[in-house]
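Chemist: Protein chains in written order, with the working numbering: chain V, 6 to 202; chain G, 534 to 805.
Hints were generated in silico from the structure; no laboratory data involved.
Treat the hints with caution; some may be incorrect.
Stated by the list, open to error - FRET-style restraints, in silico, Cβ to Cβ:
#, chain 1, residue 1, chain 2, residue 2, range
1, G, A563, V, C166, 43 to 49 Å
2, G, G707, V, R20, 16 to 22 Å
3, V, A15, G, F696, 25 to 31 Å
4, G, L729, V, A100, 24 to 30 Å
As the list claims (entries may be wrong) - Over 10 Å on every C-beta distance to chain V, these chain G residues come out as not near it, computed from the model:
#, residue
5, A577
6, K582
7, A597
8, L606
9, R670
10, H688
11, F689
12, R753
13, T755
14, A799
Predicted model, so just to flag it, every value in this text is computed and none were measured.
By construction, the Cβ of each residue, glycine as well, lies at the ideal position given by its N, Cα and C atoms.
So the chains spell out like this:
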Amino acid sequence: MTYATARGGADRRVRFEATALPLMPALHKTALRLTRDPQLAADLVQDTCLRAYRAFDQFTPGTNCRAWLFTILYSVFNTGYRRTQRELTGMQMAAFEVDYENWLGGSDAMPVAPVQDAAVDAMDPRVQRALDALPEAFRSAVTLVDIGELSYEEAATVMGCAVGTVRSRLSRARKVLFAALLSYARETGYARLGART
Amino acid sequence: MSTPTNHLGELLQDLADDRLNGANLARARAHLDDCGRCRRELEALQLIKQTLAPQTGHDELPPASSAALSALLDQEDRGAASSQWSRGTGSRAAWRWALAASVAAIFATTLLLWHNDKTAESDPWTTAVAQHFAAYRGAQLPLAMRSSDPAELEHFFSEHLDFHPRVYDLDMMGYKIQGGEVARLNGRSSALSAYLGPGDSRLLCEMFTGRMDELPPAPRTTSHNGTAFRVYRRGALTAVYWAEGEVICVLISDIDSEALLALAFAKAGPAV
């Protein structure tokens, strides 16, 4: 780890505040989504900010600071904040995808989007559980693109993979999550009638 | 003309994500006019995106968070100013300092992560192991010995430690050794082995000389094949301890607790 004290901490502070701090609201939105708790979200952003500040000398000016910060945020979240949950196996993933394909080719109605708690910007707990259960590679893609609102290219940078891999993982993950919504809709009759086209 | 076997496929996802333009966009729109299945799939994609997307109204940090961030950076600047360290005293010394700096940095972060966890004060062992794990997870733990060979790592440890720790081969369980390090654990030298497992899961094993009765009371104890295990939790992390003679072994990870315990059961016991 590099400490920049000898090279002018004040300058580093100015550069950090100009480059990284404007992106903190975006991190906070995602943190709120990930943790479902305003205090935990604030803690997560602070931890991310602190780690980013300490490593800021390793950030190359002109490169994508947003992707760099999200890499740190996601790492911190997975290390100390994410609720540990058993991940879906390949066969379970495949079963969800089959369920999705069957729905697509069938006549069942479209499920209604779950009501969300606007106060903490929390997603429906059933969707959250399905998201938490996704294998890491797939959860990363959804978290970065659909929750973090990163582009495919930015997500590929964070994940260290090709853009096509992001697309493919995103596609499979969304099918699984949609199938989880379907399951919920079937349990509760929570579906929009007449949606079949 | 669309047919049931000629759907938009990946183009549909690109359309939902606003990644299409020009001819591809026109082609997708034209297809949607004729294809109910693709319209249905587009609606499904939009629904799941809507469900996952953060809601509007959080485009600014709460004032308290802004102030806290500013105070945090001030604190960090003050701390960094008082912790300048000398350089250029040889690569090995520099490397030692780098390890110390990494662990110190992770220590501060870990305190924030677990600031409500009162057990940290009474269990310095798990706190230290958890700091090492956080550093490993954050790619900030330097491994002096990069090797996937347990025997090679054991040789490395034997050259740097006055006891002879085992290095577990967890390959059959899906965990590959990444390397090792002689770390410091509550004032003692520790043989640290780092593993990478399925789905980018991480696992650390540390061994150090000591007795189990030096550890604080565990929230969970169990035994297997005559070996006693102590299980501790730190946030999302689980640490499992057991003794092998005068050496204490600990596995720590954020994987499922039972899966970690199963790994410990599988590896604990006399070397064969």
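Chemist: If a hint holds in the structure, say so; if it does not, say that too.
Modeler: Here is how each hint holds up against the structure:
1. G/A563 / V/C166: 43 to 49 Å: 32 Å, violated
2. G/G707 / V/R20: 16 to 22 Å: 42 Å, violated
3. V/A15 / G/F696: 25 to 31 Å: Check failed, 47 Å falls outside 25 to 31 Å.
4. G/L729 / V/A100: 24 to 30 Å: 28 Å, holds
5. A577: 5 Å, violated
6. K582: 6 Å, violated
7. A597: Not fine: 7 Å to the nearest Cβ puts G/A597 too close to chain V.
8. L606: 6 Å, violated
9. R670: Violated: least Cβ distance 4 Å, not greater than 10 Å.
10. H688: 29 Å, holds
11. F689: At about 23 Å from chain V, G/F689 clears the 10 Å cut-off, so the statement holds.
12. R753: 15 Å, holds
13. T755: At roughly 19 Å from the nearest Cβ of chain V, G/T755 sits farther out than 10 Å, so the non-interface label holds.
14. A799: Consistent with the label, G/A799 stays out of reach of chain V, its closest Cβ about 19 Å off (over 10 Å).
The earlier numbered hints that this structure contradicts are 1, 2, 3, 5, 6, 7, 8, 9.
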